[in-house]
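Undergrad: Single-letter residue listing:
Protein chains: 2
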Amino acid sequence: MQVLVQKYGGSSVADTQKIKAVARRIISAKNSGYHVVAVVSAQGDTTDELVAKAREISSSPSKREMDMLLSTGEQISIALLAMAIAEEGYPVISLTGPQGGICTDALHTRAKILRVDPVRVRKELSDGRIVIVAGFQGINDMGDITTLGRGGSDTTAVALAAALDAKACEIYTDVDGVYTADPRLVSSARKLDEISHGEMLELASLGAAILQPRAVELAAAWGVTIHVRSSFSDSLGTMVIGGDLMEKQRVVSGVTRDLNVVKVMLVDVPDRPGVAHSIFSTLAQKGINVDMIVQTTKQGPVTDLLFSIGQDDYPATKRLIEELAKDLGITQVLFSERLAKVSIVGAGMMSNPGVAATMFGILAEHGINIEVISTSEIKVSCLIEASKVDEAVKAIHDGFRLGEEITA
Amino acid sequence: MQVLVQKYGGSSVADTQKIKAVARRIISAKNSGYHVVAVVSAQGDTTDELVAKAREISSSPSKREMDMLLSTGEQISIALLAMAIAEEGYPVISLTGPQGGICTDALHTRAKILRVDPVRVRKELSDGRIVIVAGFQGINDMGDITTLGRGGSDTTAVALAAALDAKACEIYTDVDGVYTADPRLVSSARKLDEISHGEMLELASLGAAILQPRAVELAAAWGVTIHVRSSFSDSLGTMVIGGDLMEKQRVVSGVTRDLNVVKVMLVDVPDRPGVAHSIFSTLAQKGINVDMIVQTTKQGPVTDLLFSIGQDDYPATKRLIEELAKDLGITQVLFSERLAKVSIVGAGMMSNPGVAATMFGILAEHGINIEVISTSEIKVSCLIEASKVDEAVKAIHDGFRLGEEITA
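Top line first, the protein sequences correspond to chains A and B.
Counting in the working numbering, the first sequence runs from 7 upward without gaps.
Counting in the working numbering, the second sequence runs from 7 upward without gaps.
Chain A extracted, bound-state conformation (with noise of 0.2 angstroms):
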């Protein structure tokens, strides 16, 4: 018998009602011949509450007691999950992230899942039962309960699809797929049949709050098929596959926005070798993720150095880099929170020539100002006024004509 991970997020699970339904679409996918394994975050709030909790006792609690404390939100939704299915008369067991073998380094409140050791899953599954495990949740080899950080239930689902060899796994959400835009903001857009997971990974790393970036990766290393599906109804959603073959007669999959942008500008730094890497490995050791990186050349011993951060890790930056502006001599440091990054991903770029081009046009005919690009060989960002990112969504949207069906 095949085996089926379904993944659930918060809302999913939000109230008795939901975890009802949701265990009667588990029971289905069992009824339609799969053994299931079923992967559910943190009930609604849950995870803010318990953060309101540790806030009151300390401003900077130590993030070891931070994951003992929120991997309860999951196993509490795995027990009362498990006990609505054997309410429904179907064998059933729930499992924490460590009993299903989630296996991760030290990194508490952002671990990485090293292996899957999934013992106790394939017993209870050829036992019969119905398993449920606590995404977002692992254990590290002192013993010690750690959690993976945002979205990481996303990551607990694909590594035990891969772990189990599933014939899928489907992750369910609150929209019924991936779109080619934002459907909030352009009414045109069109839900994808397929995307490749080199798209998908462009697009969950540009701000589609769709799948976590890390199970995209995870799911392209080890060819997991993702299934991106409504926990609100019956129809297909968007499966991101393997390859990038499928529709390579796409140039353009689809159109997003990133409102979670900082631009930090280091304006006359020295240019002697060695500077950027002290900046960037500072930046680094602290955790901070930075994006965009574009360096410009000027006259004289001195560049101007220009990247992108996300808000959460602003004011870390800030203290870090006016600290290494005064040793590295550094003048002036600017910060803007007034861009947002709209972008475009396509595995058809690689083959077409021009596609960065004709962005850039249609940006230009709106009188949308570009203040920086970043390219890969499948998608290109600019960061531009947030103030008209929505206008660039659609504009871009309509320019390349996403909302039409290709019929090639």
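Just so you know, these hints were derived from the structure itself, not from any lab.
Some hints could be false.
The calculated lysine to aspartate or glutamate pairs, modelled on DMTMM-like cross-linking and capped at a C-alpha distance of 20 angstroms, are [to be verified]:
no., chain 1, residue 1, chain 2, residue 2
1, B, 24, A, 55
2, A, 59, B, 55
3, B, 197, B, 240
4, A, 69, B, 93
5, A, 26, B, 62
6, A, 59, B, 54
7, B, 59, A, 199
Once you have looked at the hints, place chain B on chain A.
TA: Below, chain B without anything else, positioned relative to chain A:
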């Protein structure tokens, strides 16, 4: 350095301020030169809230899943308490019951501790950390989370104290020690400085809801000294110590009442071998604790059989007994909830004949009728009308002059 185990109940960690107060108390013990291990229960009403969540989903949830659910309560407490201690600048680590090495049998919701394997606790102590352990929970041989049942945190604390060869196990409660009677009932009740394990065991079993009987039993078996004291003051409480020597001069140590009593009476039970066995073994198999048992001889081939149980077990007992009665040809079964138990406890009773008679005399003087009597070497219990039990406690306390200090 000697180990000191402390246990804090759910009301002691009910909110942020109380958690901080407990943190300071633990730090003060650490500063007195002890290796401190603190065992903590779930916050205030957490357990009740989790039970309510489960009940919304299922009227009879799986016991394994209940343990999965309920064990999150203590896990939240230990994380928050560890944060509060760290906030004061002391090295500290929280451990779940499984991490603390509390190994139990597989009887979910009522598991018994089989052994304590405190490798991790010892390591953390020797690294200079205060160790916070989740009470009430353990792990079985399957790797599943178990809970120890009502008052299980006391048992966890005593078991750890025994395994770590601790100087003492301090149990913090909302009363400041063990009294000769409930001070809310008897104004002249006196706090005892010392009491033996045996006496405490009888008091605990008889409804003085200060210590969990199983914890006292364990303390007696392992020679652990328990210090029952208040979490709201620094004054010494009552030491529960090994041996029965030190207070032999006190014939009666305390008087206690228990309202949690249901009397079951089987009328005209066939007087043939094996009948009592089949009744009580059936109840035992269902985990129903039978307290007092009295059989009265009648004329002819029948007897009356009478026993008492706790109110929690009433519905299950009623169902079982009514079935059994049919099978065994018992004509009439009577249940009564209008009774209560009043008991005296004292190690000195063994060598002082007539103590029981004095008690019966006091009750008679007050016109209180005795329905059932049960005695052990160090206690005498009587089932009497529930409405008269408070009067009985006062009368007995006065009659034996328990409020007066013994100067012998």
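Undergrad: Hint by hint, note whether the structure agrees.
TA: Quick rundown of the hints versus the structure:
1. B/24 with A/55: holds, 18 angstroms
2. A/59 with B/55: Holds - the C-alpha atoms of residue 55 of chain B and residue 59 of chain A are around 16 angstroms apart, at most 20 angstroms.
3. B/197 with B/240: holds, 15 angstroms
4. A/69 with B/93: holds, 13 angstroms
5. A/26 with B/62: holds, 10 angstroms
6. A/59 with B/54: The given pair, whose Cα atoms are some 19 angstroms apart, holds under the 20 angstroms limit.
7. B/59 with A/199: Measuring from Cα to Cα gives roughly 38 angstroms; hence the hint is violated.
The structure fails to meet hint 7 from the earlier list, while all remaining hints are met.
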